[in-house]
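Chemist: Please construct the entire structure, taking both the sequences and the accompanying hints into account.
10 protein chains.
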Amino acid sequence: MMTRAELTEKIVAHKMMTGFKWEDVGDAIGKSKEWTCAAMLGQLSLTKEEVEKAGNVMGLNFSPDETALLMTVPYRGSLPTQIPTDPLIYRFYEIVMVYGSTFKSLIEEEFGDGIMSAIDYDMSVTRIEDPKGDRVQVMMTGKFLPYKSY
Amino acid sequence: MMTRAELTEKIVAHKMMTGFKWEDVGDAIGKSKEWTCAAMLGQLSLTKEEVEKAGNVMGLNFSPDETALLMTVPYRGSLPTQIPTDPLIYRFYEIVMVYGSTFKSLIEEEFGDGIMSAIDYDMSVTRIEDPKGDRVQVMMTGKFLPYKSY
Amino acid sequence: MMTRAELTEKIVAHKMMTGFKWEDVGDAIGKSKEWTCAAMLGQLSLTKEEVEKAGNVMGLNFSPDETALLMTVPYRGSLPTQIPTDPLIYRFYEIVMVYGSTFKSLIEEEFGDGIMSAIDYDMSVTRIEDPKGDRVQVMMTGKFLPYKSY
Amino acid sequence: MMTRAELTEKIVAHKMMTGFKWEDVGDAIGKSKEWTCAAMLGQLSLTKEEVEKAGNVMGLNFSPDETALLMTVPYRGSLPTQIPTDPLIYRFYEIVMVYGSTFKSLIEEEFGDGIMSAIDYDMSVTRIEDPKGDRVQVMMTGKFLPYKSY
Amino acid sequence: MMTRAELTEKIVAHKMMTGFKWEDVGDAIGKSKEWTCAAMLGQLSLTKEEVEKAGNVMGLNFSPDETALLMTVPYRGSLPTQIPTDPLIYRFYEIVMVYGSTFKSLIEEEFGDGIMSAIDYDMSVTRIEDPKGDRVQVMMTGKFLPYKSY
Amino acid sequence: MMTRAELTEKIVAHKMMTGFKWEDVGDAIGKSKEWTCAAMLGQLSLTKEEVEKAGNVMGLNFSPDETALLMTVPYRGSLPTQIPTDPLIYRFYEIVMVYGSTFKSLIEEEFGDGIMSAIDYDMSVTRIEDPKGDRVQVMMTGKFLPYKSY
Amino acid sequence: MMTRAELTEKIVAHKMMTGFKWEDVGDAIGKSKEWTCAAMLGQLSLTKEEVEKAGNVMGLNFSPDETALLMTVPYRGSLPTQIPTDPLIYRFYEIVMVYGSTFKSLIEEEFGDGIMSAIDYDMSVTRIEDPKGDRVQVMMTGKFLPYKSY
Amino acid sequence: MMTRAELTEKIVAHKMMTGFKWEDVGDAIGKSKEWTCAAMLGQLSLTKEEVEKAGNVMGLNFSPDETALLMTVPYRGSLPTQIPTDPLIYRFYEIVMVYGSTFKSLIEEEFGDGIMSAIDYDMSVTRIEDPKGDRVQVMMTGKFLPYKSY
Amino acid sequence: MMTRAELTEKIVAHKMMTGFKWEDVGDAIGKSKEWTCAAMLGQLSLTKEEVEKAGNVMGLNFSPDETALLMTVPYRGSLPTQIPTDPLIYRFYEIVMVYGSTFKSLIEEEFGDGIMSAIDYDMSVTRIEDPKGDRVQVMMTGKFLPYKSY
Amino acid sequence: MMTRAELTEKIVAHKMMTGFKWEDVGDAIGKSKEWTCAAMLGQLSLTKEEVEKAGNVMGLNFSPDETALLMTVPYRGSLPTQIPTDPLIYRFYEIVMVYGSTFKSLIEEEFGDGIMSAIDYDMSVTRIEDPKGDRVQVMMTGKFLPYKSY
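Just so you know, the sequences run in chain order Y, E, B, D, V, S, F, X, W and U. Under this note's numbering, the first sequence has 149 at position 149, and the numbering climbs by one with no breaks. Under this note's numbering, the second sequence has 34 at position 34, and the numbering climbs by one with no breaks. Under this note's numbering, the third sequence has 85 at position 85, and the numbering climbs by one with no breaks. Under this note's numbering, the fourth sequence has 147 at position 147, and the numbering climbs by one with no breaks. Under this note's numbering, the fifth sequence has 69 at position 69, and the numbering climbs by one with no breaks. Under this note's numbering, the sixth sequence has 61 at position 61, and the numbering climbs by one with no breaks. Under this note's numbering, the seventh sequence has 145 at position 145, and the numbering climbs by one with no breaks. Under this note's numbering, the eighth sequence has 84 at position 84, and the numbering climbs by one with no breaks. Under this note's numbering, the ninth sequence has 135 at position 135, and the numbering climbs by one with no breaks. Under this note's numbering, the tenth sequence has 138 at position 138, and the numbering climbs by one with no breaks.
In case anyone wonders, no lab produced these hints; they're calculated from the structure. Certain hints may be false.
Claimed, not checked - Under the rule of at most 30 Å between Cα atoms (straight-line distance), these lysine-lysine pairs were calculated in the DSBU-like manner: (1) Lys-132(D) - Lys-132(E); (2) Lys-21(V) - Lys-53(U); (3) Lys-148(S) - Lys-132(W); (4) Lys-21(V) - Lys-48(U); (5) Lys-53(B) - Lys-21(E); (6) Lys-21(U) - Lys-132(U); (7) Lys-148(S) - Lys-53(U); (8) Lys-21(D) - Lys-148(B); (9) Lys-148(W) - Lys-48(X); (10) Lys-148(E) - Lys-10(Y); (11) Lys-148(W) - Lys-21(U); (12) Lys-48(X) - Lys-10(X); (13) Lys-132(F) - Lys-132(U); (14) Lys-148(S) - Lys-10(V); (15) Lys-148(F) - Lys-10(E); (16) Lys-48(B) - Lys-21(E); (17) Lys-21(B) - Lys-148(Y); (18) Lys-48(D) - Lys-148(V); (19) Lys-148(B) - Lys-132(E); (20) Lys-53(W) - Lys-10(F); (21) Lys-148(E) - Lys-21(F); (22) Lys-132(X) - Lys-148(E); (23) Lys-10(D) - Lys-53(D).
What the hints assert, rightly or not - Computed, partial: chain F to chain Y, Cβ under 10 Å: (24) Thr-3; (25) Pro-64; (26) Asp-65; (27) Ala-68; (28) Leu-69; (29) Met-71; (30) Thr-72; (31) Gly-77; (32) Ser-78; (33) Ala-118; (34) Ile-119.
The model shown is predicted, which means the values in this text are computed figures rather than measured ones. Yeah, the Cβ is synthetic: ideal placement off N, Cα and C, and Gly gets one too.
Modeler: And the structure:
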């Protein structure tokens with residue numbers, strides 16, 4: 001039986017070969033490119049209908065086994081080590097290491113004691129044009145959840 | 001001699017007691033509240049002038065030793081363990097673990113092979129009002145740096 | 001300056017000496033014994049009024065510095081190592097290791113894809129009398145949070 | 001030879017496809033849905049008769065090798081890393097990190113020096129309806145075991 | 001305030017100087033030498049009366065603070081690292097690494113699925129005279145606890 | 001080529017199916033059940049003759065490759081992680097963590113500076129009948145080795 | 001499907017057998033030997049045209065699957081453990097451990113607060129003849145990136 | 001007694017205050033700025049004479065204890081964790097992770113089986129002016145040591 | 001394609017079956033038994049001629065692929081974990097842990113600041129007959145390398 | 001109270017200042033320089049008489065507390081991390097990583113299944129003069145201990 005990791009590799013290789021865009025796949029299933037990309041890389045689960053529609057856009061005809069994998073709620077965690085080695089991903093880890101206490105202080109100053117949800121959460125990745133060199137903008141929003149008192 | 005960590009604790013305790021706002025400190029030194037908070041928590045370095053102005057707003061009269069600490073380029077990394085245990089900070093780590101490969105795929109689709117800089121970088125933390133519960137919005141922008149070929 | 005960990009030790013030693021009960025402290029501040037115990041051990045923050053009332057019941061006259069510490073939102077995480085060595089606490093870690101996938105399967109079967117919140121969360125610890133030996137009952141409830149789709 | 005992990009994956013995939021419920025499997029073998037789910041995911045061992053009855057409800061005809069695997073006492077531990085990355089399971093780990101010392105203080109206040117058994121142990125996972133959003137209730141009970149003195 | 005670790009060091013140094021025996025301390029409080037040694041090294045808790053009697057034998061007049069420390073239920077775990085470096089203690093860790101699966105197979109063959117309790121547990125350390133070189137005998141007994149089915 | 005780990009799994013599965021006892025295998029080769037079990041699980045090496053005799057009792061006809069594996073001195077260490085997750089095995093690790101300094105103090109009090117050998121070592125696992133619940137008794141004896149002075 | 005690691009091994013083995021030089025491969029694609037070697041070992045991505053030309057020099061006729069792998073942006077990180085065991089590579093890690101704070105002090109003295117980029121980066125490895133034994137010279141240059149203030 | 005780490009902090013703070021340059025210190029003792037900086041940060045040992053001369057340039061009058069510390073061969077390793085968190089230093093670690101196998105392949109192609117010494121080693125850190133942004137150049141040279149055959 | 005680890009296992013199994021001696025293999029290629037054993041276990045590289053001669057003595061007819069593996073400079077590091085679990089190998093690690101600072105002090109007293117090379121290095125393993133039990137003698141010699149000053 | 005680590009630092013600093021030799025200390029107490037150095041660095045225990053004689057040679061007048069520390073059996077392990085960062089000590093660790101399986105194969109070929117004792121163990125560190133550069137010779141001998149069969 002194929003594993004989810006192998007299916008992810010198959011999708012990534014196919015994207016390399018055919019050049020389809022996450023945005024087009026997202027349009028077909030009525031989701032953003034960010035949600036769609038995360039789902040295809042094994043971090044979110046799809047419905048049967050979404051699998052079919054996505055497969056059509058991507059030019060992949062998913063087998064029943066593959067469809068089941070795409071529909072299963074995944075064991076999340078997309079990286080091979082708990083401290084990432086890939087430089088692009090490490091930069092985000094570095095932001096947590098360096099600015100983690102800053103996020104904590106600013107969120108608690110504004111909202112009180114609680115957290116930003118990583119579940120009731122959405123994000124976007126956008127290009128900001130800039131004459132000194134274009135910039136990547138990552139916007140994350142999550143519901144503020146206060147600690148319950150009882 | 002006081003350590004930088006002890007100075008951070010002193011500033012945080014003083015903020016608890018007096019209730020000053022990072023934004024007011026930032027206004028006094030001409031920086032954003034995010035930059036100012038990170039600097040005061042030991043992740044960025046200040047000039048002598050900034051230390052003085054900030055001290056005035058915060059109601060802290062920094063000694064020469066404390067001023068030197070605030071002016072020194074710090075050994076960065078604000079957290080006591082490499083996988084954070086504090087729930088607010090952990091949520092950001094979780095985002096890296098779960099969506100790290102998504103960031104990689106989306107940035108490379110849009111920009112090609114490279115990274116989002118965590119140095120030529122700025123960020124903001126804002127409240128988004130929402131009838132279903134207000135949301136925290138974290139916006140990060142960093143210059144895109146392509147891998148050099150040579 | 002006293003650290004939060006030292007204040008926790010002072011409270012614990014004082015409890016040993018005087019025998020006050022968490023429930024009595026909780027009654028004085030209108031909170032459960034579970035919330036109160038967690039707050040006093042440095043995992044939740046109190047208001048100025050709660051600190052005073054609690055101090056009265058516990059027979060401790062908190063100084064302004066100690067009061068500030070009790071009012072500060074803590075950097076959470078109560079244990080010295082990421083895999084606990086204390087046998088009582090390890091048993092809970094063992095439950096996560098052994099039954100983690102069971103929790104995941106049962107919660108997802110009943111609720112769909114999402115998590116049980118550890119923030120909008122409460123818990124109780126109770127004695128269940130049993131002729132074969134009394135039992136500890138730990139009840140945890142947390143709001144179900146579904147993954148957002150967008 | 002199939003490994004236990006591969007058998008677990010086969011069962012999980014089959015559940016995804018056919019939609020059987022852990023409760024129905026549990027009813028067939030006279031066990032709770034929690035015990036049954038844990039056993040099928042490789043954390044408890046079944047008798048030959050239970051394997052057969054469970055297979056009938058699940059629509060799986062276990063081979064002799066698979067039956068042997070389901071009857072073997074497993075090497076327990078259901079997760080791929082010692083700090084879980086899956087957000088649902090991590091929340092339980094977070095509860096141990098944050099409230100571990102609270103559990104210790106409350107259990108020892110009530111029972112004296114000892115532990116809650118994780119072997120003479122049962123648990124349930126239930127939905128609590130709530131107008132502000134349904135809640136997950138996890139109830140754990142374990143026999144209190146006092147430290148032996150000798 | 002003295003920590004428990006510092007009190008342990010004080011007791012150990014005093015033993016070095018005066019040469020008292022664990023067995024004599026145990027006799028005074030009606031416990032075995034093994035239980036007494038573990039308690040004095042910070043792994044078990046004593047009653048007020050035991051502290052006094054033990055202090056008399058050891059020639060140490062414990063202060064109220066020290067008495068409180070000896071009466072408190074400790075955060076257990078006597079070693080500075082999770083893999084011990086001291087050769088005497090490492091040998092026991094090695095036995096777990098090498099013979100762990102043997103213990104599991106033999107206990108399960110004899111008793112069925114369950115564990116040997118480390119709480120309802122006692123142990124002894126004895127010299128076995130042997131012409132080829134005396135031997136250390138460590139005998140551990142713990143109640144067998146079967147996994148509960150429900 | 002089969003690995004030693006795969007051969008161990010084959011032997012364990014065969015034991016599950018046929019129900020042979022380690023003691024009977026041990027009797028056939030003139031060794032204790034403890035030594036025999038450890039050898040079959042890959043921690044000790046057998047002679048060619050022992051392999052044959054053991055195979056007869058177990059009902060397994062070992063191939064030349066399997067025989068070679070059973071005769072090879074193994075790379076020892078029977079567990080997949082350096083801190084065991086299986087509850088039965090973890091209890092022994094816990095004993096080292098909690099009582100390690102006690103073993104050290106008692107052995108050194110009795111014997112002087114040195115260790116209990118884990119090589120010139122034998123052990124037994126026995127059932128102790130007890131009306132309050134049967135107990136597991138593990139007895140370990142190892143030669144005392146004093147530190148050499150030179 | 002072949003993995004990138006397997007393709008790397010195939011290339012390395014082929015180099016062993018045929019003795020082609022990285023410099024010749026680099027010349028064919030208009031890149032330095034350092035860039036070319038890193039790309040072939042899976043740390044940089046090539047264009048379709050570069051894959052073909054490189055294949056010709058190396059005497060390898062890459063299949064479409066292999067070509068796709070060589071064109072894909074890799075998950076970077078070329079070593080099996082986070083602290084390298086290979087002596088040649090460990091020496092570079094040692095340089096970071098021993099001289100890391102020296103690099104920090106010297107770069108900050110010369111350039112102010114910022115970093116040397118590891119992305120807008122190039123390097124060379126050269127032989128320096130020396131009568132006392134030839135020396136390896138590694139030259140790294142990276143763009144200085146100052147911390148942004150905002 | 002002062003530790004070496006505390007002396008390092010004193011020197012670094014003094015440099016912040018007075019602005020002396022490593023190069024000037026190096027000139028006074030006849031060493032490069034790189035060697036001098038590393039020595040002052042606790043990674044190399046100085047002679048009594050060098051300590052005095054360096055102290056004069058730095059405006060620090062070292063006590064006999066401090067002089068002894070500066071003369072002692074240090075336990076090397078300048079960083080608080082085995083994977084650095086400071087972004088400047090991490091970039092060098094990243095270079096090892098990403099290009100470690102490239103260094104190995106290039107050095108072995110040119111020199112045969114062996115290593116670049118990190119002991120018979122020198123380095124320099126220089127500014128390279130560049131209209132697109134100045135660059136940091138780090139040059140390392142170490143004697144090539146071939147594996148001995150015997 | 002066979003990996004180097006699989007080839008090592010094949011050689012070890014073959015040695016078990018046929019009983020050839022490392023010394024005889026070494027004699028055939030003009031190397032010591034220590035160098036030869038290390039090379040065959042994947043830590044040093046052989047020439048084509050050595051592979052052939054060694055194969056003749058060992059009774060193994062290496063294929064071209066196997067020959068290439070034996071000729072390739074290996075990624076060194078012969079153990080599956082960074083703290084060894086095998087008792088024989090652990091004893092050497094223990095010697096480093098316990099006597100590491102002793103080696104450092106003695107070498108620096110005799111030679112000054114520097115290291116013993118592990119590359120320009122040879123070793124021998126010999127039996128020392130002793131009426132109280134034969135002893136293993138391990139002799140290591142490595143060139144002393146002083147830290148370079150510049 | 002002084003810790004053993006602080007006493008070690010005091011002895012090392014005193015050696016730096018006065019230049020006494022380990023050999024002279026060893027001669028005074030009738031032990032080798034290796035044993036003496038290890039004992040003074042906290043890895044072996046001395047008798048009261050040895051402490052006095054050693055103190056005389058070293059020019060240190062040990063207090064009763066210091067004497068007690070030198071007489072106590074230490075918790076062994078002389079290094080701050082489980083993978084050493086100091087280059088001199090790391091080289092020995094590297095030898096274990098690279099040649100560990102070679103030691104195992106050679107010792108087992110010569111002696112059968114067992115280990116070299118690290119307790120009934122002695123060692124020497126000597127200078128070997130060599131025109132190509134003097135060499136460090138480390139000789140270790142330990143009693144061979146065969147695995148017991150029973």
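Chemist: With reference to the structure, classify each hint as holding or not holding.
Modeler: How the hints compare with the structure:
{"no.": "1", "hint": "Lys-132(D) - Lys-132(E)", "in the structure": "holds (10 Å)"}
{"no.": "2", "hint": "Lys-21(V) - Lys-53(U)", "in the structure": "holds (28 Å)"}
{"no.": "3", "hint": "Lys-148(S) - Lys-132(W)", "in the structure": "holds (13 Å)"}
{"no.": "4", "hint": "Lys-21(V) - Lys-48(U)", "in the structure": "holds (19 Å)"}
{"no.": "5", "hint": "Lys-53(B) - Lys-21(E)", "in the structure": "holds (28 Å)"}
{"no.": "6", "hint": "Lys-21(U) - Lys-132(U)", "in the structure": "holds (27 Å)"}
{"no.": "7", "hint": "Lys-148(S) - Lys-53(U)", "in the structure": "holds (20 Å)"}
{"no.": "8", "hint": "Lys-21(D) - Lys-148(B)", "in the structure": "holds (25 Å)"}
{"no.": "9", "hint": "Lys-148(W) - Lys-48(X)", "in the structure": "holds (18 Å)"}
{"no.": "10", "hint": "Lys-148(E) - Lys-10(Y)", "in the structure": "holds (28 Å)"}
{"no.": "11", "hint": "Lys-148(W) - Lys-21(U)", "in the structure": "holds (25 Å)"}
{"no.": "12", "hint": "Lys-48(X) - Lys-10(X)", "in the structure": "holds (19 Å)"}
{"no.": "13", "hint": "Lys-132(F) - Lys-132(U)", "in the structure": "holds (10 Å)"}
{"no.": "14", "hint": "Lys-148(S) - Lys-10(V)", "in the structure": "holds (28 Å)"}
{"no.": "15", "hint": "Lys-148(F) - Lys-10(E)", "in the structure": "holds (26 Å)"}
{"no.": "16", "hint": "Lys-48(B) - Lys-21(E)", "in the structure": "holds (19 Å)"}
{"no.": "17", "hint": "Lys-21(B) - Lys-148(Y)", "in the structure": "holds (22 Å)"}
{"no.": "18", "hint": "Lys-48(D) - Lys-148(V)", "in the structure": "holds (18 Å)"}
{"no.": "19", "hint": "Lys-148(B) - Lys-132(E)", "in the structure": "holds (13 Å)"}
{"no.": "20", "hint": "Lys-53(W) - Lys-10(F)", "in the structure": "holds (26 Å)"}
{"no.": "21", "hint": "Lys-148(E) - Lys-21(F)", "in the structure": "holds (22 Å)"}
{"no.": "22", "hint": "Lys-132(X) - Lys-148(E)", "in the structure": "holds (13 Å)"}
{"no.": "23", "hint": "Lys-10(D) - Lys-53(D)", "in the structure": "holds (17 Å)"}
{"no.": "24", "hint": "Thr-3", "in the structure": "holds (8 Å)"}
{"no.": "25", "hint": "Pro-64", "in the structure": "holds (8 Å)"}
{"no.": "26", "hint": "Asp-65", "in the structure": "holds (7 Å)"}
{"no.": "27", "hint": "Ala-68", "in the structure": "holds (5 Å)"}
{"no.": "28", "hint": "Leu-69", "in the structure": "holds (8 Å)"}
{"no.": "29", "hint": "Met-71", "in the structure": "holds (6 Å)"}
{"no.": "30", "hint": "Thr-72", "in the structure": "holds (5 Å)"}
{"no.": "31", "hint": "Gly-77", "in the structure": "holds (3 Å)"}
{"no.": "32", "hint": "Ser-78", "in the structure": "holds (9 Å)"}
{"no.": "33", "hint": "Ala-118", "in the structure": "holds (7 Å)"}
{"no.": "34", "hint": "Ile-119", "in the structure": "holds (7 Å)"}
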